[in-house]
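Taken in sequence, the protein lines are chains A and B. Sequential numbering of the first sequence, starting at 2, is according to my numbering. Sequential numbering of the second sequence, starting at 5, is according to my numbering.
Hints in this document: simulated from the structure, not taken from any laboratory. Incorrect hints may appear among the rest.
[Claimed, not checked] List time: in silico EDC-like cross-link candidates among lysine to aspartate or glutamate, alpha-carbon distance up to 20 Å: (1) A:K38 / B:D63; (2) A:K132 / B:D63; (3) A:K36 / B:D55; (4) A:K28 / B:E72; (5) A:K36 / B:D59; (6) A:K28 / B:D55; (7) B:K100 / A:E104; (8) A:K38 / B:D76; (9) A:K132 / B:E72; (10) A:K132 / B:E62; (11) A:K38 / B:E72; (12) A:K28 / B:E62; (13) A:K29 / B:E72; (14) A:K29 / B:D76; (15) A:K132 / B:D76.
[What the hints assert, rightly or not] Here are the simulated distance ranges between beta carbons: (16) A:L99 / B:A48: 24 to 34 Å; (17) B:I29 / A:E128: 49 to 59 Å; (18) A:P120 / B:S107: 34 to 44 Å.
[As the list claims (entries may be wrong)] Looking from chain A toward chain B, a few residues come up when the C-beta cut is under 8 Å (computed): (19) P33; (20) Q83; (21) Y91; (22) K132; (23) R134; (24) Y145; (25) L147.
Glycine included, each C-beta is placed from N, C-alpha and C at the ideal position.
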Amino acid sequence: MREAEKLATYDGPDRIISSFEADLLLKKSTEPIFKAKSGFPTLDRLLGGSFEAGELYGLSGPTKEGKTLFGQSLSVNLDNQQIPSLWFSYELPTRQFLARFPELPLIYLPEKLKAHALPWLEERIYEAFLKYRTRVFFVDHLHYLLDIARLRNASIEIGSVIRSLKRICVEGGFVGFILCHTIKGRGGPDLSYESIRDSSFISQESDCILMIRRTPEHGPNRAAIRMEFHRRTGVMEQGLFLIKGADGMLGECVIDDRPPARERADLA
Amino acid sequence: MPDSCLTPAEQERVHAYDERTRKEIEAAERPPTPPDAMKELQEALEGSRMDCLRDLQEDIAALILVRERWPDNPEIRDRSSFHITMDRYQIEELRKEIRNARS
Chain A
2 MREAEKLATY DGPDRIISSF EADLLLKKST EPIFKAKSGF PTLDRLLGGS
52 FEAGELYGLS GPTKEGKTLF GQSLSVNLDN QQIPSLWFSY ELPTRQFLAR
102 FPELPLIYLP EKLKAHALPW LEERIYEAFL KYRTRVFFVD HLHYLLDIAR
152 LRNASIEIGS VIRSLKRICV EGGFVGFILC HTIKGRGGPD LSYESIRDSS
202 FISQESDCIL MIRRTPEHGP NRAAIRMEFH RRTGVMEQGL FLIKGADGML
252 GECVIDDRPP ARERADLA
Chain B
5 MPDSCLTPAE QERVHAYDER TRKEIEAAER PPTPPDAMKE LQEALEGSRM
55 DCLRDLQEDI AALILVRERW PDNPEIRDRS SFHITMDRYQ IEELRKEIRN
105 ARS
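Chain A with its partners taken away, still in its complex shape:
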């Protein structure tokens, strides 16, 4: 009875409010929403203009198909907008990771990495934000956040990691990128978010899944990136083509997949 009375008059910061109150509170807030363009025109269009605070992006694709390079290219594009990003590069040693940038952008990274330590990762994300105002972070890659040896149920544990990352993004107003591998052998044109290794939770908890693969059929140094879905914009299965430029970073390119004009006329 006493408990019921307490709840009936509860006035804490997590009290239940109406949608109207919530709307008014949001409008009262002067805190601007962080937004950042990807620097790839088609991707920006699919993003509804830009990445927004609180969003978690899954970036996947088979091994050696350009996940890290795409992340690095994004970092360079962000740096061109004077937006520094934070990297947890578990896969590449720092020396190699930095050497892959043609011109070193202003990014931040921990001097030493700690694997399988989500609370540590969260602390570093906040440290970088408070010191250097980094609002975008990259984790390369997801499986380094898990202790594979102690993993009992990969799917559930990955789900819990992804959920924590999403919470960090929402609470801190960050944009997160989590790189993850695909199931072995699930490459080729039928690559989709269902190809992501170990867990469907990655797709379920992320705001967007981007799948990258090389497209040698379009020429050397070509790749394609496909937005499997985007929760905010509602985009499904749309993509863009990429090319590795002379500077070693990825840029958008246009590939005309249509048959030559003569063939088109014949088809008509």
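Got chain A; can you put chain B on it based on the hints?
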């Protein structure tokens, strides 16, 4: 009778040459800096350059904070972006100096 048959410009050049020679002789006579002291000096210089670099990074963070706080004010946006660019330039210069000193 003039003191010298040289024109003022030529006299200036001679003076500059004499001064340079004097400094070179002094430098040659000075005992060489011990390697340890040299190393210490280089480390101290590098330390101060690194401090400078960190200060500039913090300055950039402060400028980003200001820009984020007033995103719709073009003057604040332009001025903070300009200062970030200048800080970045100085960071680049410091990096070059540190690398050159190490090599």
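Item to check | Unmet hints by their number, sorted upward, for this structure | outcome: Hints 1, 3, 5, 6, 12, 15, 21, 24 and 25 contradicted; others consistent.
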